[in-house]
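With the hints as your guide, set chain B onto chain A.
Chains as they are written, first to last, in the working numbering: chain A, 1 to 440; chain B, 1001 to 1440.
Possibly wrong hints are sitting among the right ones.
Said to hold, decoys possible - Label pairs and their in silico Cβ distance ranges:
#1 A:Gly-436 - B:Asp-1413: 31 to 37 angstroms
#2 B:Gln-1234 - A:Thr-88: 45 to 51 angstroms
#3 A:Ala-37 - B:Arg-1181: 46 to 52 angstroms
#4 A:Ala-415 - B:Thr-1091: 44 to 50 angstroms
#5 A:Asp-55 - B:Ala-1250: 33 to 39 angstroms
#6 B:Pro-1162 - A:Pro-48: 44 to 50 angstroms
#7 B:Arg-1057 - A:Thr-91: 47 to 53 angstroms
#8 B:Pro-1096 - A:Ala-415: 41 to 47 angstroms
#9 A:Thr-88 - B:Gly-1039: 32 to 38 angstroms
#10 B:Thr-1336 - A:Gly-272: 37 to 43 angstroms
#11 B:Ala-1250 - A:Thr-91: 41 to 47 angstroms
#12 A:Ala-422 - B:His-1018: 28 to 34 angstroms
#13 A:Leu-44 - B:Asn-1103: 37 to 43 angstroms
#14 B:Asn-1103 - A:Arg-25: 27 to 33 angstroms
Stated by the list, open to error - To give an idea of the chain B side of the interface with chain A (calculated C-beta under 8 angstroms), a few residues:
#15 Leu-1084
#16 Met-1087
#17 Leu-1090
#18 Glu-1117
#19 Gly-1280
#20 Pro-1335
#21 Tyr-1386
#22 Ser-1387
#23 Asp-1389
#24 Ser-1396
#25 Ala-1415
#26 Leu-1417
#27 Glu-1421
#28 Ala-1434
None of these hints come from the bench; they were simulated from the model. Beta carbons: idealized from backbone N, C-alpha and C, even for Gly.
There are 2 protein chains.
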Amino acid sequence: MSYDILITDTTLLPLAAHGTATIDRGFLAIRDGRIAALGPMAELSVLPQAGTTIDGRNTLTMPGLVNTHCHAAMTLFRGLADDLDLMTWLTQHIFPAEARFVNPEMVYWCSKLAAAEMIRAGITCVGDSYFHENAAAEAFRDAGLRAVAAQGLIDFPAPGVPDPADNIAAVARFLDRWQGREPRITPAVFCHSPYTCGPATIKAGKALARERGVPFFIHLAESIDEANRLIAPQAETPTRHLQALGILDADTICVHCIWLDEEDREILAASGSRVAACPGSNMKLASGVTPLADLDRRGVTVGLGTDGCASNNTLDLFAEMDLAAKLQKVHAADPTSLPAPRLLDMATTSGARVLGLADEIGRLAPGARADCILIDLAQPGLTPFYSPDLLVYAASGRDVRSVIIDGRLVLRDRALLAFDEAEAMARVNRLATAVGSGGR
Amino acid sequence: MSYDILITDTTLLPLAAHGTATIDRGFLAIRDGRIAALGPMAELSVLPQAGTTIDGRNTLTMPGLVNTHCHAAMTLFRGLADDLDLMTWLTQHIFPAEARFVNPEMVYWCSKLAAAEMIRAGITCVGDSYFHENAAAEAFRDAGLRAVAAQGLIDFPAPGVPDPADNIAAVARFLDRWQGREPRITPAVFCHSPYTCGPATIKAGKALARERGVPFFIHLAESIDEANRLIAPQAETPTRHLQALGILDADTICVHCIWLDEEDREILAASGSRVAACPGSNMKLASGVTPLADLDRRGVTVGLGTDGCASNNTLDLFAEMDLAAKLQKVHAADPTSLPAPRLLDMATTSGARVLGLADEIGRLAPGARADCILIDLAQPGLTPFYSPDLLVYAASGRDVRSVIIDGRLVLRDRALLAFDEAEAMARVNRLATAVGSGGR
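This is chain A alone, in the form it adopts within the complex (with noise of 0.2 angstroms):
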């Protein structure tokens, strides 16, 4: 019996049905791709043969994070405008930036940078939104991530579909370009958002998701007055509008979610709709506060997301945890609110059945896929370390030493293996040196 990866010695966190418990000095062994074995050192009578061996001593081994929503090439765009209004962010910072500088070739480099960050950071799996979305696919392809990448959708010119007219067709091609043809890649349809996208297109998107069986994203209810700029409003509230438009099932992903009232938080419960908060972003921007604990308690899937770095400016789900626990705890006067194991939980195994990849990955157990994340214990800053709370309220992205995605060692003891960041760092560099004040 020969494995490809052997990790000994470890401090397994399976999650999934496990909750927080776990197997204190323990095994984990991968063939071809998923996890062939784990339990307790002391079922091995004899240590198996593995192509490589990981000496997990001090090291806590869980399954990568899924950040739910990103715009990975929005890297560019960080920390070019912070502390301001958001109008006055998008249209004079962001929306002239993207139209200057949103190119298949910026993508590519941006999304590799991101992909960078987010393997350090322990993030195996991404749900990513934009537009050029064919060269975010490739960075991902290349960079050894784990991908929903989605193609975005607007009435109005966009990078790479200067014509509206030809935005669902575009969205088309790239499906066909992606789907079944990489087993880490799955495509996906991103419609910005119901103020910018009218309900013919929010329709017609959602019926090619269907169609091809892919998820579909969509911005919601992120700002207090969005009901007032939907466009052909069909319904009182962002959330009714969407669900007028018949949009609203398990395989939509409702980013944000935000200005809910009790009936819209029944109309996410019963379609079964995912969420994807981002409470990071949604504090920098003053967007307001997701009631993750409520939509929580009404059954609803939640995942986790860092959204673009624009408008965070990092792509660690270790802080939008810690951020989410924390936030939900002070805006309710209670400190019971969202406890620890929920945030472990919406990170992993919730957040893959957000993105539809429950079956596959978000646990360690035999028979899934292995993506997997050694987190560094043997720290002051994690010492002592009574239970996996920790990982919640003191853990950083920076403490992840190992990641394996799909079964591939990508990163060992903080050395990227799977392509050459520098490169990427440059490159993007260069481009943000053209962007204005910046670069080095």
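Here is chain B on its own, set in the frame of chain A:
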């Protein structure tokens, strides 16, 4: 002309009066514990001699961060009891654990572990408040950290002070032991709070602090119901209670300051009292939101604090800057509230002023004590780097590469030089095994 340490080719962020202006290719020279010179490399006709020369390429050098409020020894209780109601947390977990486990040996090792964590995160000076503070001060001294170390004062039996009648005398003995003895250690008085100390104790503690010319710390207005729990209230609110007791002045550091009405805020501003804000702890315990932007606007000198590890659970002032900014924005529904440069000031220059050390630290300037840190900029998560605002919204304490305190290199290329951190971790893990459910 020879220096002890010379940093070359670094991006300098001097702060203080310079705001967030940088010197892009700069040098910084240190002699006899102080900054001797700094400026653009171009000003150096020849490279000066130095005992240690640090190649600063791809780094940013800034003043060390000032953590204005901590209970360092509480690393032992890090993550011991999360997601609990405040009174359950205090009375069923923290107080019983403190009664059993707090002794000089525990305080020494757990404070030393905290020192390792803080130095690694770029904190070069801490305002620490606990009991057995003598052991904490010894730990900070041995760790190479700068500290304002305050011995606790409370009207209940406390670790090391079983008889509250002895509490003032115990603080006086602590001040005797440390005043003027160690240049990096400033002793101080920590009066726990107006709900655990009666007027006589508060006044006597402040009188002692005034007599010795040392800082006086007190928790203030942390909980919404604190007014109802005051011992012998002299006025309607905790702030006016302290004002009536005559203890508010520029050497009093009020910690938390969440529940302040208009009159309270005016009192704090007029008295010149300093404020130590701890957003991470306040969010996790759901205590509320310190009106930081408003206090800042009124000219109150504000610093940031991590609080102790039992309520946070991490000692990372980069995380506190991010939390403070984001929490103000989402709470005020205003993304322009408390912009990044204000946070950088609070974590350095203003923090130094809070601790009474503004003449010595908190900025890079000739003559200042040489407390400075080098941030590793050559990483995906800090690329591109348009401005130092990114330090607030994207950097982590884990991005600190090297640390100099009082002219001594204590962390170099992420290796802790000042002491054996593995020993501190092992000691604390051993203590944690006794504490209960955990330890490795």
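Going through the hints against the structure:
no.: 1; hint: A:Gly-436 - B:Asp-1413: 31 to 37 angstroms; in the structure: 32 angstroms, holds
no.: 2; hint: B:Gln-1234 - A:Thr-88: 45 to 51 angstroms; in the structure: 47 angstroms, holds
no.: 3; hint: A:Ala-37 - B:Arg-1181: 46 to 52 angstroms; in the structure: 60 angstroms, violated
no.: 4; hint: A:Ala-415 - B:Thr-1091: 44 to 50 angstroms; in the structure: 48 angstroms, holds
no.: 5; hint: A:Asp-55 - B:Ala-1250: 33 to 39 angstroms; in the structure: 55 angstroms, violated
no.: 6; hint: B:Pro-1162 - A:Pro-48: 44 to 50 angstroms; in the structure: 58 angstroms, violated
no.: 7; hint: B:Arg-1057 - A:Thr-91: 47 to 53 angstroms; in the structure: 38 angstroms, violated
no.: 8; hint: B:Pro-1096 - A:Ala-415: 41 to 47 angstroms; in the structure: 45 angstroms, holds
no.: 9; hint: A:Thr-88 - B:Gly-1039: 32 to 38 angstroms; in the structure: 36 angstroms, holds
no.: 10; hint: B:Thr-1336 - A:Gly-272: 37 to 43 angstroms; in the structure: 38 angstroms, holds
no.: 11; hint: B:Ala-1250 - A:Thr-91: 41 to 47 angstroms; in the structure: 45 angstroms, holds
no.: 12; hint: A:Ala-422 - B:His-1018: 28 to 34 angstroms; in the structure: 31 angstroms, holds
no.: 13; hint: A:Leu-44 - B:Asn-1103: 37 to 43 angstroms; in the structure: 42 angstroms, holds
no.: 14; hint: B:Asn-1103 - A:Arg-25: 27 to 33 angstroms; in the structure: 31 angstroms, holds
no.: 15; hint: Leu-1084; in the structure: 6 angstroms, holds
no.: 16; hint: Met-1087; in the structure: 10 angstroms, violated
no.: 17; hint: Leu-1090; in the structure: 11 angstroms, violated
no.: 18; hint: Glu-1117; in the structure: 4 angstroms, holds
no.: 19; hint: Gly-1280; in the structure: 7 angstroms, holds
no.: 20; hint: Pro-1335; in the structure: 4 angstroms, holds
no.: 21; hint: Tyr-1386; in the structure: 3 angstroms, holds
no.: 22; hint: Ser-1387; in the structure: 6 angstroms, holds
no.: 23; hint: Asp-1389; in the structure: 5 angstroms, holds
no.: 24; hint: Ser-1396; in the structure: 5 angstroms, holds
no.: 25; hint: Ala-1415; in the structure: 12 angstroms, violated
no.: 26; hint: Leu-1417; in the structure: 14 angstroms, violated
no.: 27; hint: Glu-1421; in the structure: 6 angstroms, holds
no.: 28; hint: Ala-1434; in the structure: 11 angstroms, violated
Of the numbered hints stated above, those contradicted by the structure are hints 3, 5, 6, 7, 16, 17, 25, 26, 28, listed in ascending order.
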